[in-house]
Amino acid sequence: MMLLSARNLSVRLGGVDVLQDIDIAIQANEIVTILGPNGSGKSTLLRALLGIIPLSSGRVTRAPNVRIGYVPQRLAMDRSMPMTVRRFLSLPKRVSDADAAKALEKVGMSGSAQQQMTDLSGGQFQRVLLARALLCNPQILMLDEPTQGLDQPGEAAFYRLIDEVRLDSGAAVLMVSHDLHVVMAASDRVICLNRHICCEGTPRVVSNAPEYRALFGLGTQGALALYQHMHDHNHDHHHDHAHDHSDKHDHASKETHHAG
Amino acid sequence: MLDSFLLRAALAGIGLALATGLLGSFVIWRRMAYFGDATSHAAILGVALALSLDLPTEIGTLIVALAMAATVSTLASKGWAMDTTLGVLAHSALAFGLVAISFVPGVRTDLSSYLFGDILAVTKVDLAFIWGGAAVVMALLIWRWQALLTTTLNEDLAHASGLNPDRERLVLTLSLALVVAVALKLVGALLIAAMLIIPAAAARGLARNPESMAALACGIGAISSLAGLQLSLWQDTPAGPSIVTAAAVIFALVAVFGRLRAR
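Just so you know, the sequences run in chain order R and Z.
In this text, residue positions in the first sequence follow this note's numbering: the first is 95, and each later residue adds one.
In this text, residue positions in the second sequence follow this note's numbering: the first is 20, and each later residue adds one.
Bear in mind the hints are in silico, worked out from the structure with no lab data behind them.
Where hints are given, some of them may not hold.
[Stated by the list, open to error] A few chain R residues that face chain Z, going by a derived Cβ cut-off under 8 Å, partial list only: (1) M95; (2) R141; (3) P166; (4) L169; (5) R181; (6) L309.
Glycine included, every Cβ here is placed at the ideal spot set by N, Cα and C.
Go ahead and model the full structure; you've got the sequences and the hints to work with.
Below, the structure written as structure tokens:
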């Protein structure tokens with residue numbers, strides 16, 4: 095099912111074309127990652143899809159009443175506002191204690207309900223943001239560099255959590271990232287962005303695309319090796335895990351890449 | 020029952036404290052302290068306008084405070100350097116107001132009551148205006164509470180939840196103008212911002228949630244009003260500054276107590 099799509103989406107900010115002619119469609123139950131260097135318009139694309147910034151042309155179509163859970167890139171919580179984790183989960187819609195406890199348990203933060211938000215570590219904070227996004231029972235989760243500030247084990251754990259959420263709830267996941275390897279392993283589909291869509295497809299197709307290599311330079315060799323290692327590793331040992339179910343979706347067969 | 024000037028003063032102080040407690044919490048959370056200054060200093064200009072046009076001062080104050088709050092709010096959303104802009108606006112509004120008022124004959128003697136308030140001279144009509152204004156502000160803020168909190172935390176998060184941050188900002192702008200119009204007679208243009216900031220700042224040290232902070236700010240504001248009136252009566256000090264003094268003492272006590280408890 096198509097949850098969210100954009101056609102010919104362009105955004106101008108301060109007289110500069112930040113995004114040009116983006117076509118994108120998010121189906122239920124897939125994990126799509128937008129990959130690109132700094133300043134490529136990744137966050138802008140997410141914010142345009144959410145309606146936070148106006149489009150200069152094109153249009154965004156949402157499925158009727160689609161529920162979107164959003165985890166922003168950074169949330170600078172000011173110490174001037176006292177806020178427990180429990181209270182934060184009830185913004186803007188109040189949720190029951192039972193639902194709040196369930197969401198915290200899902201993200202591995204049980205027992206933190208009475209802690210102050212400002213006392214949480216970076217990783218704990220991201221988990222609470224995710225718990226809050228899950229409480230609206232989202233059909234699409236939008237994550238803007240959700241692992242920024244996490245160390246590598248923390249990052250890997252976070253992506254495992256995202257995958258679990260997708261398996262549990264069937265929500266689609268659209269996330270933005272600039273780190274390559276872990277993301278590659280966690281995604282069904284990758285979109286390479288540099289103000290326009292350079293190439294897109296499954297991680298394996300994209301990582302072989304010349305546009306991708308041009309965008310990310312020499313460093314991709316190492317990342318690619320790591321990706322393939324993890325990918326093979328998964329296939330060797332967990333046959334019924336994350337990668338198999340993606341075959342059920344038609345997008346997996348559309349392994350296209352095109353020059354923008 | 021409302022014939023005692025002291026009772027009217029006490030009721031006026033409590034009414035003001037309820038409105039400034041709620042709004043003051045947002046002023047602190049959104050770092051709008053200077054915003055409050057600019058809007059309240061502009062009230063003096065409103066007084067000059069009202070006197071020269073023969074309008075009630077509340078109306079003049081409300082109009083000018085609203086204009087100032089809207090100006091500041093617009094400039095902020097256009098990305099002006101707010102520290103400088105507000106510094107310029109706050110002090111020039113006060114200066115223009117004082118100059119303008121000097122052209123109105125026969126007010127020179129009353130000037131200090133506009134700068135520092137005269138809570139002991141509150142009439143029954145004033146009291147009705149104060150409680151009416153405070154009720155409107157409280158109703159607005161409580162009605163939009165969840166949306167205001169979300170917007171204050173993060174505008175993108177608010178957008179993604181289908182809220183409109185501009186609309187919530189307008190609620191705060193309106194409330195601020197109303198509070199200024201209500202408070203001018205009680206604590207005066209120079210100390211309105213103090214009533215917004217000090218009780219809420221004191222409450223921050225005691226609260227674990229936004230709601231408890233706002234409620235405590237109302238309580239601390241009300242206690243300050245009563246204690247300040249008492250001080251004024253006892254030592255014949257000016258009432259408005261006495262109220263702010265009481266609030267500042269409570270703030271200091273909470274800060275010291277918090278330090279000691281943290282050890």
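Results of checking the hints against the structure:
For M95/R, the shortest C-beta to C-beta distance to chain Z is roughly 21 Å, which exceeds 8 Å, and the interface hint is violated. Checking R141/R against chain Z: minimum C-beta separation of about 7 Å stays under 8 Å; hint holds. Against a cut-off of 8 Å between C-beta atoms, the interface hint on P166/R holds, since the closest Cβ of chain Z lies about 5 Å away. Restraint check, L169/R versus chain Z: the minimum CB separation of about 5 Å is within 8 Å; hint holds.
For the restraint placing R181/R at the interface with chain Z, the shortest Cβ-Cβ distance is roughly 5 Å, inside the 8 Å limit, so the hint holds. For L309/R, the shortest C-beta to C-beta distance to chain Z is roughly 26 Å, which exceeds 8 Å, and the interface hint is violated.
Consistency note: the structure conflicts with the earlier hints numbered 1, 6.
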